[in-house]
Each structure stands twice: as structure tokens, then as C-alpha cells.
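J.: Now for the letters of each chain:
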Amino acid sequence: GRDVDVESSSATLMETDEGFQPVFFQPRALKNLYRIDEIESLMPIMDMRVANLFDEETPQVFTACGRGPRSTLRILRPGLAISEMARSMLPAEPIAVWTVKKNINDMFDAYIVVSFANVTLVLSIGETIEEVSDSQFLDTTHSLAVSLLGEDSLMQVHPNGIRHIREDGRVNEWRTPGKKTITKVGSNRLQVVIALSGGELIYFEMDMTGQLMEVEKQDMSGDVACLAIAPVPEGRQRSRFLAVGSFDNTIRILSVDPDDCLQPLSVQSVSSAPESLMFLEVQASVGGEDGADHPANLFLNAGLQNGVLFRTNVDMVTGQLSDTRSRFLGLRPPKLFPCIVSHRQAMLCLSSRPWLGYIHQGHFLLTPLSCDTLESAASFSSDQCSEGVVAVAGDALRIFTIEHLGETFNETAIPLRYTPRKFVILPKKKYLAVIESDKGALSAEEREAAKKECLEAAGVTENGNANNGDQMENGDGQEDGAEDRNTLPDEQYGYPKAESERWVSCIRILDPKSRDTTCLLELQDNEAAVSICTVNFHDKEHGTLLAVGTAKGLQFWPKRNLSAGFIHIYKFVDEGRSLELLHKTQVEEVPLALCQFQGRLLAGVGSVLRLYDLGKRKLLRKCENKLFPRTIVSIHTYRDRIYVGDMQESFHYCKYRRDENQLYIFADDSVPRWLTAANHIDFDTMAGADKFGNIYFARLPQDLSDEIEEDPTGGKIKWEQGKLNGAPNKVEEIVQFHVGDVVTCLQKASLIPGGGECLIYGTVMGSVGALLAFTSREDVDFFSHLEMHLRQEHPPLCGRDHMAYRSAYFPVKDVIDGDLCEQFPSLPADMQRKIADELDRTPGEILKKLEDIRNKII
Amino acid sequence: MESPTAGGGGGGGEAGAASSSSSSSGPSTSSAAAAATASASASSSAVATRYLAKRVLRGSAVLHVAQGCFRSPDCVDVVLCKENSLELVVIGEDGVLQSICEQTTFGIIKDVGVLNWRCTHFGLMPKIEGKEILVILSDSGKLSLLYFCSEMHRFFAIANIELSKPGNLRHRLGRILAIDRESRFVAVSAYEDEFAFVRVSVDHKLHAPNGEIEEDAKIISTAYNTSSIHGTVWSMCFISTCLDEEYYPVVAMIVNRGSDVNDLALYGLDSHKRTIDRIST
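Chains A and B supply the protein sequences, listed in that same order. Note that the UniProt record's numbering has the first sequence beginning at 1, numbered continuously upward. Note that the UniProt record's numbering has the second sequence beginning at 1, numbered continuously upward.
Source of the hints: derived by calculation from the structure; they are not laboratory data. It is possible that part of the hints are untrue.
As the list claims (entries may be wrong) - Here's a subset of chain B near chain A, in silico, CB distances under 8 Å, partners left out:
no. : residue
1   : R50
2   : N160
3   : S164
Note that the structure is predicted; figures quoted are calculated from it, not measured. Glycine included, C-beta positions come from ideal geometry on N, C-alpha and C.
Can you make the complete structure from the sequences, with help from the hints?
T.: What follows is the structure in C-alpha cells.
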């Protein structure tokens, strides 16, 4: 362009006595483009742990992501993120909250009504939210329901009656007979049902003049637990369906039509007494964004006392209930509230944690919200916040919006200095120890100093061009440029490059709760950290220590080379918040794997597996085995068995005999695998991933395992000669699956409380997946056949054969592709019925099974 | 490679003999890990544990972007391609990306393009009337033409044109895609050496003598190949218009032939001989 801006180029790199000066990229800021949205990415996931460090109900997924200036540690929590707009303290702990419009055609709500134990507070919504006393609501009692009635009148139900406030200010009050009180309310825009103490139902309806008229009474057999009326269908005077929950663990559908008012239509037994009921209507759609042509559907949702959300389909004509679903939400009975997200009806389920049930891309999703327990909630709409939620928790009134619908997790990012390589969770203090390293980079201090120098030089040049700048842009360009140049983010433009053989690295202690770095040790002298673990040496002098493997002067091109490798031993000081170097021990190769083993440290140093003990000035070699083929990249241990992962040759199973002080390999794999991740599954089984995007399980056959454990002296194994220079025994590969992306980390964990333990994997492209073990033969058969049918009827979009894809390198074995099965709902209805017939089930049953298996994972 | 058996035979033997009476151990009990089922050795293979593999968080690194009118002629949609899934998003009024649908491709997307067939091929294929066609190269070795079905609310393939075998071989077609501005030709190249023009069109409906439609219209394609690139292809684009007489279409290509600098080469389809010729470098 014609702007007078400072230009830099690596072609003008100036060589000085101190070496090449770094070149900073200095573009001017964008002037004609604005950023409107961005998509977060975890690419690449370098390491991952699943743990509950915050004592929340569900564990968090900690991932080390990004590279260079975009390095972050991300904390993933299951659920949708909320964005809090306001938070106000209330004089006491409220029990319920509602929002209400004055007119059905109003765009925004007029009042927030908060009910306490004995008082009702009315807040007006305007530029600010203020308490008002002229709303005509009765404020000397607590409220059971507040809503808009008809087109322009308000209704308040309190224990002693119903207060109907007309638009012109007139108030009609209906009072309860005798000494009875109202216990439960169900209402929609035109109909109201109340339950009195003792179990009497009274039904009201709004007549043509806008008056609320009592229509019918009915005695139920016991107290009523909850009530709900379905929304009024469009163009109708009333909804036909009233749902009544009873303490005998039943939900009844009663009719409120004039000819059979309050007569039962259907009844459903549930596993516990219902606490809350709500009808959710899915509007009819014709090829819209919701998906295929669907008739309108009415769903009854019930929150039960045992923490389960129960959902069922209501037949629009007969009121029969069918196609029931259940899901455990939390430890408290869910309370159900309507709200609006993406301009359509949704449902908030408030249990020990809040959940949102909503429709996204044509599917109903039930996702937790990532926030504290909420007591009550209502939809909220105002000039500043058109689609929000107002909720009460403790003694606070909170207004928030729900963002990023459709996401499985929400993220919190902690920036790091260099590319994270690995991290460990420190067991007692719940801190994280992260090792970071970058090649061809400047350390942070050097970069800041060089940046300052460069900007000063640029300033001089800028001053030299001041006249030109003034002439062309009246000085604004100069000022803007100067200002912007100092704030260009490294995340967008990257760090300047140093000499290509230069390494920078650091070790960081993080408090994930406060997101603070409590300790940061910059490694000097071209050292890069490559491995990390905690170790408790058996002498107990120091307690838990941190072992870090480093490499000095590591080069990959033109030939792999290094000056030296080291193993650093650090002591935790200041209650684990800081590190102090005990000593460092030089080794001859890169120590890419470290692991605690029986009170000592096992290290994979190049192709040597070595056992170290702690000395006063360095680590002491105790035992080693030099027979590994390439480079050891992972070590796992269980009792006296050691599972060693080689960079190119899969797993080797080893045993350590303490009495003879010998490490020997008794089994290995028959297939070469370029390992990128490894995890221990059980005594005989290891899970691994290779650099071609495959996940596999290697298992030692049971009889071999028994034989090895029964051999008291190990003489048989020790002297047995394997074929082709391998180990005498071979593990079997029992699971094969092509993920399609390089897997960088594997972790055995459960993502939900009470859920099945899965093998969680993270990949280079930033995705997270799970392998869930089936527990019943019936499920295996069902999903196997469903997968088979979907391979035939629903081939992949780009013409790839699905089985060939999942068997890209090794034939797929004992794994069913849940992502393919998940595509069953997107088939045409007749195709769904055809496949369901083949499986001797109905499409609804298949959908329910798919939902159940998904809920076992997350 | 050295023998995997531990060395020091003599010493080891003595140590083993000396300690044999004091180091006996019973068979170990496997830990009952939830993710795997321990099984008796006799029936180990019969009750092997099966697993369900499921993605819980899709990768969100966007590798390719395509913009076009996929849903209807009057909307502007964006397709984000992420390694092995594609997502259709629309830019909402408040500037926030709104996801319409997301589909797993069960294959790795290599490149993406858009065929603008809104104003051509009238009346032949009702399902693609007024819509643009998404073109995808993937490791299936096929050129996939996808349209968005508003009824089913997702993309469907109207054609999968086989160019090479599945996989990621350097010399097989399926890496870089370019589309003629007239949307008559698609250029496909491999990582190295091989290159093809693919002419894509819609065939007319076949009519029986009595006027009934005998066969629906379908996508037809003709491929013209060459293996004479002799270098690594970095980038391609069409530079021709249909007014060129001798060569149509013409593709400009950045090729590296092993030197430190890249070549800019022009390749065209000879209008008469129907062969691909190098026009200039």
C-alpha cells in the first residue's frame, strides 16, 4: 500500500558480533476488516489428564494445547458456558423467580418477580432494574406462580388465592375456600389449575371477556406433587392436557376439554415421586433449519425425587404416553423451568447442577451448564440482553446468557510460554507441573529485550519519515501505527526466530484453580525438557520429588545429535508451590520416558531401560537392560511388571527381579508400531496409539501370564531364546481401530459420575474421543448389526468405504464405530424403519439405545 | 541386533540356583479394571471385550473454507472443513457464526471448492436447482460433488468421481483442487507429478419414444490425465476464459522441481487433440 510503514525482511538480517539480530514482523493493523467471531481450537493436544481437581460433580479434562506463542493449558468442563451479565444481592434467600411481560406483543419483559418465604419482591426492568411498589402484586406473602394471562393481564398465585390484575389496573381476587391453601399451580396463557392442600384440583379458564372463571373441581386420591398444563396450540382456545404428579409415583394426564373436564386420559408409573412437570412443545417444521418435515410433537418432562429426568411423548389426540426416556441429572430432584434459546422453547432442569434441554440442528440435546447450583430460573429478555436467563442461587439474583450451543465442553485457557510437552498432576496439592520447550526460539527475556531495541530503532525511522506521514495522513497514521505496533499480539504474528539449533525451555508449576503460575524455572544452556514424572524414593527423606528429563543441544537435521542428556531431580518447597533443584545427572542419550517404580526411578535413556536410586549428588545406577530396539518413549509399571513402549517397535513386557537385580524382556509385539501414546489397561493389557492414527490394545495371553507369574526363579524366561531376535513370547493385538487422526494421549477415566470408565484419547487436530467397553452381549450384537446396516445404507459422504477407512492400516477389530451409529437419526424415516425392522425393533427403540450409550460416556 | 537374553550366563545361573528356594511366588491376580474384562484362559477369545468408539469433542481446527449458496439461491453459507468433518455455518445478524449442521466424512478432506451451477443446467436436476455444489477431494481418491438437501438438512453426494485409489500416496491424484470460473472444469493434482482436468456436467434426461422420462439426469465426467509435471505442486488456479481458442481451459501452477526456486507453469487442454500440454514455464 501507499502507507509509510516500517518494513522488515529476513533478507536484511544484520549480522553482528553477537550473532544474528532477530527480526520482528511489524505489519500495520487492519483498517478495513473487523473480526466478528472466532472458533476455538485445541489443536494440537500434546498431553491430557482427566481429574477432578476442583471437587466438582464431574471431572475436568486438562489438556496441554498449541505451540509456540499459542501455547495454553486448557481446562475443559462438560457443559455449556454461561456469560454472566449481572449479579445482585438480595435481602434474603429467595425460593422462586419469574419474569413477566405486560402485553403479549411486548418485545421485552417488564418485571422480575422474586418470591421469598413470606414476601414477594417486584423489580422493574428498564435501563436499570429497580424495585417498584405500584405493580399491584401482593407483596406480603410468598408467590407460587406469576405469569402473563391472556394478552395484557397479569396473574399472581399465592397460598391463599389467585390475584388477577387487569391491564387497566382492576384487581380480581379469588380466595381459597375455608382454611385450605394452594400448594401447586399449573398454567399457560389461558388456563390455570391449582391444587389445594388435601388434593383438590380446581380448574380455571379465561373467557372471552378476559375474566378468569372457575370451570371444574376434582378430588384427587392424595396430595398433588406437581402440575403442568401444556401450551395452548396455535389457533385454539385451550390446551387439552393437564399433567398431575402424585406421591404414589405416578403421572396422570387429565383432559380439560369441556366435555370430559378433569377426566383421566392416561397414567404413567415412574421410579420416584415427581417433583416438577413441564410440557415442551416441538413446533412443526417444513424443511426449515430444524430439519426434515416433522409434525408438531408434545413432550412431557418430569423431574423425579431421585434426581432423574423422565421424558415421554404425548399423543396429540389421545393423550397416551409413549417412548419414555430417563436420565440421571444430579443428586437433587430436578426442577423444570421454560426458557428460550436460539429463538425457540427450551427447558432448564435445575438439580444439584443445572442442565439445559434444547433443540440444536434438529436434535434434542440435554447438556449441563457450567455454573453453580441454581434454585430457580426464568427466561429473561430486555433491551440489553434479548435472550437470557434470570436465576437465583443462594442470596444472589443472577442474569446470564447461554452461549456456544451444541458444544460438549466449555474451556478455560491458561497461557503458557513455550510449546507444552508433558505435564503431571501433583497428587496432594492439586498443582500441575508442565514442561515446555521450543526450538529455534528466543527465551522470553531475550525476546522482550530485543523487541524493545527493535521498537526504539523503528521509532527513529518513524521520526525520520515524520514529514511524509504528516502529509499523507495528518499524523493519525503515525500515531495509530506507533500505538498498534506495540500491541500486536504474538498469538497472531508469532515469535521471531532465533538460530535454528537454539532450544528454549522451562518448567512451570501451575495452580489450576487460581490459574496462577507459582513457579517458573527457565532452563539455560540450550537445554530442553522432554519428560517429567513424580517419584517417591524409598528412603522417604524428601517425600515426593519431581524428575525431569532434558536434552542439551538436540538436533534432528541433518543427523540426530545431542550434546548430553540429563535427569534433573527437584524438591518441592513452599508447600509444593515452588521447586528447588537437588541435583542433575548426566546420561548419554535423551531420557524420553521416566516412571516411578518400587521406590526408585525407571528411565528410558535412548534404547536403554535403567533403574536409578537417589544419591546425594546424583542418581545412582542400579540396573539396566540394553536390549530395546530403538528408543524408549513410554514406561508404565504395575507391581513388578514393566510395560515399555518403543518408538518404532510397540510394547515390550518386562519383569524386574529384585533378588537378582535384573531386568529382562519376556514378551513383545509382533507388529512394529510407531508409538505416540500409551496407557496401562490391566495387568496383561496395554493400549497404544501410533503415528498413523490407529489405536490398538496389546494383551499378553492369560496362560502365558500365569506361566510367567508361576515361575519362581524366572529361569525359563531368562534363558529362552526368541525367534528373529525378539522376545520369547508375543502379545496379541485384541483391539484395532483407525481413528483417522494422530492420537497424542490416552487416559483411562470416567467423564461423568457413575458412568462407565472409558479410554479417553486426544488427537493432534484437537479432538477428544472415548472408547467405552460394552458390558452386555446384547448391546454388542445390537450395535454390531446397526453398524453393519449403516455401512450399507449410509455410506460415507466422500465415497470412502467405511470399513476400509476404519481398517486403513490394520483390519478393524472388536470396535464399533459409534460415530457411524450416531448417524441413524439423520436417515430418512422409511430407511430408519427398514433398518429397525431388520433389527426387530422400532426406530424409537434404536434412538433410545443410541441416547443411552451416549449418556454412558458423557 | 544383540540377543535379547540377558548376558552373564554363568553368574546368573549361580544366582538363580542360590535363590531358588527362597523366591517362590504364587500366580498373580489381575486387577479388575473397568475398561476390560478378565477372562478364563480356556475361553479367552470367545468373550473378548468389545468397545464403542465415539468422539466426544470434535476437532475444531478449520483447514479449508468454502463460501457459496448451498441451501438456497439467496443465502450466503460457509462450509468449514476440519480434517474429517465438515460444518455448514451461517453468519447471523449479530456476527456470530451459527452452526446449521455438521457431518463426519469418515475420510480426510484434502481440498474443497465450489461449483457455481445455479444459472446452468436448468430443469435437469430439481434437487440442485438454484444451489451451488460443494466439491471435495479426500483420501478416498474420489472427487465428491455434494449438494445440501433442505429436507434432510444435510449434504448428500450427487456424484463420487473416482480419480485414483484410496490412500495418501504422493503420486496419486487427490491433493489440490481448482475450479474453472465457468464451473465446467475441475483441476486435480497429486502431491507430485500427476495432474488431471475433469470436465463435469449434467447429462440430459433420456426420453422414451412415447415421451416418458426413461432415466433421470445424472452427473457425467470426463478426465484428461497427465503425469509429466515432474515436481511438487504447491498451488493451482485457472486463468483462462472460454474465449481462448487454442487452449481451454488453462491452469497456472506453482511447481517445485527440486531446485531452490519454484516454477510457474501453464498447462492447457488442447482443444482439438484433447491432450494436456505445457504452454509455458
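J.: Hints first: check each against the structure and report whether it holds.
T.: Checked hints:
1. Taking 8 Å as the C-beta contact cut-off toward chain A, the hint placing R50 of chain B at the interface holds, the least distance being around 5 Å.
2. Taking 8 Å as the C-beta cut-off, the interface hint given for N160 of chain B holds, the closest approach to chain A being about 3 Å.
3. Annotation: interface hint on S164 of chain B violated; nearest CB of chain A at approximately 12 Å, more than 8 Å.
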